[in-house]
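Undergrad: Sequence:
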Amino acid sequence: MGRMKKAGESGIAAQYLTRGQALRKLQVSLPDFRRLCILKGIYPRDPKKKANGRDKTYYHKKDILFLQHEPLLKKFRDMKVFLRHRQRLLARHEESRAAQLERNRPVMNLDHLIKERFPTFVDALRDVDDALTLVHLFARLPSRLTSFHSPNGLRSALAGCLHLSDTPIVSELCLDLCRQFQSYVAREHCLTKVFVSIKGVYFQAVINGETVTWIVPHKFAQQCPDDVDYKVMFTFLEFYMTLIRFVNFKLYHDVGLVYPPAINKESNEKGQLLSAVILNKVASSEADEIDPEFRVNEADAEPVSLPFRDTVVLLSREVPSDVLEFVLTAGGARVIHEEDYDASVDGDAVTHQIVDRPAIVGEPHPNRDYVQPQWVFDSFNIKTMLPVHPYAVGKPLPPHLSPFVDDDAEGYVPAQRRILDEWANKTGSAARVHDGEEGDESEDEDGADEAAQPAKTTAAEDDDKELAKIMMTKKNKRLYSRMQHGIAEKRKANEALEDKRRKARKTSKKSSPESN
Numbered sequence: 008m009g010r011m012k013k014a015g016e017s018g019i020a021a022q023y024l025t026r027g028q029a030l031r032k033l034q035v036s037l038p039d040f041r042r043l044c045i046l047k048g049i050y051p052r053d054p055k056k057k058a059n060g061r062d063k064t065y066y067h068k069k070d071i072l073f074l075q076h077e078p079l080l081k082k083f084r085d086m087k088v089f090l091r092h093r094q095r096l097l098a099r100h101e102e103s104r105a106a107q108l109e110r111n112r113p114v115m116n117l118d119h120l121i122k123e124r125f126p127t128f129v130d131a132l133r134d135v136d137d138a139l140t141l142v143h144l145f146a147r148l149p150s151r152l153t154s155f156h157s158p159n160g161l162r163s164a165l166a167g168c169l170h171l172s173d174t175p176i177v178s179e180l181c182l183d184l185c186r187q188f189q190s191y192v193a194r195e196h197c198l199t200k201v202f203v204s205i206k207g208v209y210f211q212a213v214i215n216g217e218t219v220t221w222i223v224p225h226k227f228a229q230q231c232p233d234d235v236d237y238k239v240m241f242t243f244l245e246f247y248m249t250l251i252r253f254v255n256f257k258l259y260h261d262v263g264l265v266y267p268p269a270i271n272k273e274s275n276e277k278g279q280l281l282s283a284v285i286l287n288k289v290a291s292s293e294a295d296e297i298d299p300e301f302r303v304n305e306a307d308a309e310p311v312s313l314p315f316r317d318t319v320v321l322l323s324r325e326v327p328s329d330v331l332e333f334v335l336t337a338g339g340a341r342v343i344h345e346e347d348y349d350a351s352v353d354g355d356a357v358t359h360q361i362v363d364r365p366a367i368v369g370e371p372h373p374n375r376d377y378v379q380p381q382w383v384f385d386s387f388n389i390k391t392m393l394p395v396h397p398y399a400v401g402k403p404l405p406p407h408l409s410p411f412v413d414d415d416a417e418g419y420v421p422a423q424r425r426i427l428d429e430w431a432n433k434t435g436s437a438a439r440v441h442d443g444e445e446g447d448e449s450e451d452e453d454g455a456d457e458a459a460q461p462a463k464t465t466a467a468e469d470d471d472k473e474l475a476k477i478m479m480t481k482k483n484k485r486l487y488s489r490m491q492h493g494i495a496e497k498r499k500a501n502e503a504l505e506d507k508r509r510k511a512r513k514t515s516k517k518s519s520p521e522s523n
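Numbering-wise (the numbering used here), the sequence shown opens with residue 8 and increments by one.
Bear in mind the hints are in silico, worked out from the structure with no lab data behind them. Predicted model, so just to flag it, every value in this text is computed and none were measured. C-beta: ideal position from N, C-alpha, C; glycine also. Warning: the hint list may mix true and false statements.
[Unchecked claim] Each computed DSBU-like pair below joins lysine-lysine, with the alpha-carbon atoms no more than 35 Å apart: (1) 288 with 238; (2) 57 with 69; (3) 238 with 272; (4) 87 with 69; (5) 257 with 272.
[Unchecked claim] Have a look at the derived ranges for each label pair, beta carbon to beta carbon: (6) 217 with 50: 22 to 32 Å; (7) 94 with 32: 25 to 35 Å; (8) 17 with 478: 40 to 50 Å; (9) 127 with 85: 30 to 40 Å.
From just these sequences and the hints, can you work out the full model?
TA: Shown next, in the form of structure tokens:
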């Protein structure tokens, strides 16, 4: 007779470990374990049978065995030894030896994690959305806050990962990576959508056939709340910065550009983002090493529509120049900043000036259109330049519609959407055309012949629906009723919007004769 198995030795219970068991098996502290799981992409599991209680956090046993062979574990232990040694020297007031020890601080390299988690470049592009959002967030934070909240030794660790000789501020490193990525997107005209919201500016680009969406916060004075665990955020940031560096290098290498690009110090000191980037071609010998598959894809690519082609835009100093410069450059425009503007050289060349003031300061130029910043975003989304009259300086702006929303699927088409579509159809751009607007004439012609058919069709459809409900299981009936409830709620919301629109039109019609 064989030995009787004890509970938890086999089956589902034996495939999982609690967090405490994982810490003892790896011989690491809880902060190091969290950091290691973030860097390696290990997440807790929810087993069906929780052998050690429902209040425990479980991990798959294979994941923990996978972490046992990670070289970063040795780096974590070396860092603990280094911190103990440095603290001992500082307690003895041996500053010279402590400074010498600081120069030999252990540095972690995360390059192998990028190759391990993303075997192909397409896999990296599919996961770069969150990385871009977090890096753009830290690029907006003040330098003193990123230095204050950063864990001990993070800047030197990032400098080692990014192969830098000095230890710059974290926000400056993030800003450089964002600038490099945006320069590529603007140069290759990959940007497809942009939307300004309360949270920030949403961007969407198509890179090598993959859709990438990220958020850029507004350039306001940011305050870091105290109830946020910044150590966890900095761990994600450390990994994401390494990922974006790999992605930027691959993108620049495929188009034959030198990486990292050079930075114009004079433009950088003025606060210019993309204008400070100097994109240089690689040497002829290095250009031969470009992936031939990329050249084939580049030749087969569809022509990109540039709504701001052959335009020269002057940005006033009060507008968000970094966001506008990115969108305008991606749309084919030439951008001039106000601090670089020379009236004797560029005065007649400027076609549009972006102004965010109640009135134009000084004498307006006769051959120049003065518009508000929203004109840039709305024109870019419909792929053609809109009329400048609704966006003139001092006028109330029309609604700014999101290009990420399918109005036909939502069941409510705003009036501004119809206006934009009509203008896009006149100019021949690739804008949406609603089926209801196209089919009005054909429905009127055939309406007399088909007047008697809807009643019969509706009755037959109702019978089929009732029969289908009878054949449903109880679970499917509940699901169907919830779906119908959601559809009814959406219909009510759309009807409320339509009523609100009608009331607004009546109010405007009544007030217009009085104002005139």
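Undergrad: Which hint numbers does the structure go against, in order from smallest to largest?
TA: 1
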